[in-house]
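Visitor: Start from the sequences and build out the full structure, keeping to the hints where you can.
Residue numbers (my numbering), protein chains in the order written: chain H, 911 to 1275; chain U, 604 to 887; chain B, 15 to 278.
Heads up, a few of these hints could be off.
Computed far set for chain B versus chain H, every beta-carbon distance over 12 Å [said to hold, decoys possible]:
id: 1; residue: I49
id: 2; residue: L59
id: 3; residue: I73
id: 4; residue: R76
id: 5; residue: I80
id: 6; residue: G107
id: 7; residue: L110
id: 8; residue: A135
id: 9; residue: N179
id: 10; residue: D242
Across the chosen pairs, the derived CB separations fall in these ranges [what the hints assert, rightly or not]:
id: 11; chain 1: U; residue 1: K874; chain 2: B; residue 2: L167; range: 19 to 27 Å
id: 12; chain 1: B; residue 1: N235; chain 2: U; residue 2: F663; range: 53 to 61 Å
id: 13; chain 1: B; residue 1: I169; chain 2: U; residue 2: Q633; range: 38 to 46 Å
id: 14; chain 1: U; residue 1: I797; chain 2: B; residue 2: I169; range: 35 to 43 Å
id: 15; chain 1: B; residue 1: L83; chain 2: H; residue 2: D979; range: 51 to 59 Å
id: 16; chain 1: H; residue 1: R1048; chain 2: U; residue 2: S865; range: 30 to 38 Å
id: 17; chain 1: B; residue 1: L110; chain 2: H; residue 2: E924; range: 33 to 41 Å
id: 18; chain 1: U; residue 1: F867; chain 2: B; residue 2: F266; range: 36 to 44 Å
id: 19; chain 1: H; residue 1: R1048; chain 2: B; residue 2: L167; range: 41 to 49 Å
id: 20; chain 1: H; residue 1: N1219; chain 2: U; residue 2: Y782; range: 40 to 48 Å
id: 21; chain 1: H; residue 1: G1227; chain 2: U; residue 2: A791; range: 41 to 49 Å
id: 22; chain 1: B; residue 1: G47; chain 2: U; residue 2: Q633; range: 27 to 35 Å
Think of the hints as simulated: they come from the structure by calculation, not from any bench.
Think of the CB as a built atom: it goes at the ideal place given N, C-alpha and C, for glycine as much as any other residue.
These are the residues of each chain, in order.
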Amino acid sequence: MNISNSGHSVDIVEVTKTFANVTAVHKVSLNIRKGEFMTLLGPSGCGKTTLLNMVAGFETQTSGAIQIDGKDISDVPPYMRETGMVFQSYALFPHMNVFDNIAFGLRMRKLPAREIKAEVERALDMMKLSGMEGRRVRQLSGGQQQRIALARAIVIRPKVLLLDEPLSALDKNLRLQMQVELKELHQKTGLTTIFVTHDQGEALSLSDRVVVMSRGEVQQVSAPIELYTQPANGFVASFIGEINALPKARCQKSGQDFRFEVCPEISLNGRQPARQELKDGQMVHIFIRPEHIEIAGPRHNGANIVKGNVAAHIYQGTHTQTRVNVPGIGLVELRTKGAAAIDQAPLGSEIALSVPLDEAVILPA
Amino acid sequence: MSKRPFLIPFLVPAILVAVIFLAALAEILQYSFREFIPGSLDVGGFTLDNFARIYRPVYFKAVVNTFVLSLATAFFTLILSYPIAFALVRTKVEWVRTLLILLSITPLFTGEIVRTYAWMLVLGTNGFLNTMLLDIGIISEPVTFMYTRAGVVIALVQFAMPVMIIILATAISHINTDYEKAAANLGARPWTVITRVVIPLTMPGIISGFIVIFAWTMSAFATPQLIGGGKVLMISNAIYLQGFSALNFPFAATLSVIALISAFASLALMKLIANRLERQTAIH
Amino acid sequence: MWRQTLFWVIVSCILFYMTIPAIVVVMTSFNPGEILSFPPNGFSLRWYEKALTYPDFRIAFRTGLIVALISSTLALVIGTSFAFLVVRYVFPGKNLLEGILSSPLIIPHFTTGFGFLLLGAHLNLNQTLTIIIMTHVVLVLPFVARAVYVSLLNIDPNFERSAANLGASPFMVLSRITVPLIIPGMAGGWLVAAILSLTEFSASLYVTASRTQTLPVAMYNYIREYTDPTVAAVSALLIIATMLILMLANHFLGLRKILAIDSH
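Guide: So this is what it looks like as structure tokens:
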């Protein structure tokens, strides 16, 4: 399908949406580039779906503007916005067959019947659904319904593709497969895409950029890798992946060396974090991912070693998640390959952990 | 672009109907304050005499009668409808279910006259019931069912059952059967499961069914008219008598106002009692 | 096991009570003599012949049919659009309007009928088809509105949003998506309304005259004057017709759905 030249940019400018007394979206500004796959990620109730509905025109923003290619579309009704939306429930019309569902948008645009037929067939072909034209929607599997919903949305050549948690109704294996297909589809069509999800795995694997939202506000906008390695704040750090949040620590600076006093008994040494300028005496939050903590062997000596008792092992096949109770810090989680840790550190035994700060996230408190 | 494009075209017809209906009710109210001119359909000026007349024992009795008959009908309807509704929802045999639905719903759609006439054939002095009972030898003389309250209630209950069954069946179908299984699993016998689990869980349906039937019976007309035969007088019959025999439209209107007020008042009263009951049996 | 048996015996007894009037009517309708007797002493179709040729019944049936078709269709249009407003829109006075239009369920039919009798006199539409139809529209409207209301609640609002997203104007969404999806509810509501109108008695007694009486009113007048089983024949025909219609409705629309009894 030759929609590759159809990149359009979407700008969300200081958009706020208030329902009764509840602010669902607060002063959100985003620039979605031509052909970009942008994901809105956040827990339920963070405002991501409301934002998507405002782009589609189902909700009107209380203030701010939404632009496509720099043109304000706030007053354009939903049926003239040229957005293609895939709903969480797919919303395939139950009283129409597959062909009529996909043809619906083209019929609304009053295309000649022959053209409609050709377009629908091409869309079906693209989604590997040829021969399904006459099927009733109810006879289809979840994955097929998903593809038809996608075909129906892209066949109208929308300026922007809106995906509202389209994978959440599928079971796990199908979800992974559909992720791959979505990625391929995006590469093939080059459609500017806004994807809403609460699943960070989907967000990290599909997106060019991810917008993390919480309580109606944008927390961070960045590429997936940066999101994981350089979270902008505590919310993003704990929301993306698993992370240990250490108690507030005081930063002691001497030249290039930093020392963080977590509690009177525990101090950790490290370097100036890449993006933050820390001052002597400042309070900081230290976050460290479980895979970066190791069980300290004989090689390790004094620096950044903490001791605690093993509270639990959670065996997960490829790795084992171990929970250690460290006096002064609390529960610390670490992840080790295979099952070795279960024998190496029996429940209740005291072990030493190495907590390197090279890969830790250090944010001003 | 309006957010509600169909508001005006869809609203106008509904408002028109509401206005016409309110106008009809307003006419009744207006007539109830007018003077009756015997021998004429025209009415005189403003008066309160019609309302003074309703204190006569015959009309007071009609109001009480209406209330008592409605209460009795609602009660018996509830008792007889529950087993049917339960069977309807819980049977696993498709044809039994279809049969139950058809048999229990049909009376709803045959109309007041057909049903009342049918009961006249059953309850009459030489009717089906008396003939059967005489033949079997249970009685030696025909029992009088016609022109009695009992006869009226027997007929009214049968009419009311379809509506009650629909309401109860809806309530029963909304119970998760796991509750019953859990109760049985904890050692409750079938009868205890019914009384301690099923009935409390369907209480909202029971209450609303009772209220609906009560209101429905208050407006019964053909049955007390034909089976009651003038001996069992409900408000509806008194109004008809005034309107069509005495041609006293103002007083008939006054009685209609009384009927309306007592209908709404009894409904309000029952709602009040129901709210109390519901609070006691509420699922916490 | 004995509990099960006892339960079904009770259920059967109650069903017998519910159906006995219909059975007796049918038996009576075949009775050869004018005096009713049980068991019938023969078999005759003379009352059917009389019922079908009796002019009052023929005219009344036609009038009733016209009234039922017009009023239930009007109620369908008005009730459907009103139910749509109630489900989809918020507007001032919504609750009040809902209350007024559903109050005929509580207000006695004879009161409504009497009101329309007086209104008809006032408007010089005394006992005309117009006033009869107005009365019936008011009486059956709540049933249609209710049926459509339930159907509307049961459709995913995303169907409508999705259609709009694909370029359908509000009118297109209504005609291509909403209406086709609530057709079963509309059909069920219309059917219920038509049957209720056809069999309505109390209000009709007030608003009709002998020229414009509907079938139930004609039957009532007949019962008061004669005691022969002609009305039994009419009743038997009506009961059988109702059962047939309900069986068809059950087959095509599902009575459980129309009546909103759904089990899990």
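Visitor: Each hint: holds or not?
Guide: Right, here's what the structure says about each hint:
no.: 1; hint: I49; in the structure: 58 Å, holds
no.: 2; hint: L59; in the structure: 47 Å, holds
no.: 3; hint: I73; in the structure: 42 Å, holds
no.: 4; hint: R76; in the structure: 37 Å, holds
no.: 5; hint: I80; in the structure: 33 Å, holds
no.: 6; hint: G107; in the structure: 20 Å, holds
no.: 7; hint: L110; in the structure: 22 Å, holds
no.: 8; hint: A135; in the structure: 48 Å, holds
no.: 9; hint: N179; in the structure: 5 Å, violated
no.: 10; hint: D242; in the structure: 52 Å, holds
no.: 11; hint: U:K874 / B:L167: 19 to 27 Å; in the structure: 24 Å, holds
no.: 12; hint: B:N235 / U:F663: 53 to 61 Å; in the structure: 31 Å, violated
no.: 13; hint: B:I169 / U:Q633: 38 to 46 Å; in the structure: 44 Å, holds
no.: 14; hint: U:I797 / B:I169: 35 to 43 Å; in the structure: 36 Å, holds
no.: 15; hint: B:L83 / H:D979: 51 to 59 Å; in the structure: 55 Å, holds
no.: 16; hint: H:R1048 / U:S865: 30 to 38 Å; in the structure: 51 Å, violated
no.: 17; hint: B:L110 / H:E924: 33 to 41 Å; in the structure: 40 Å, holds
no.: 18; hint: U:F867 / B:F266: 36 to 44 Å; in the structure: 39 Å, holds
no.: 19; hint: H:R1048 / B:L167: 41 to 49 Å; in the structure: 20 Å, violated
no.: 20; hint: H:N1219 / U:Y782: 40 to 48 Å; in the structure: 45 Å, holds
no.: 21; hint: H:G1227 / U:A791: 41 to 49 Å; in the structure: 45 Å, holds
no.: 22; hint: B:G47 / U:Q633: 27 to 35 Å; in the structure: 51 Å, violated
Hint violations for this structure: numbers 9, 12, 16, 19, 22, all remaining hints satisfied.
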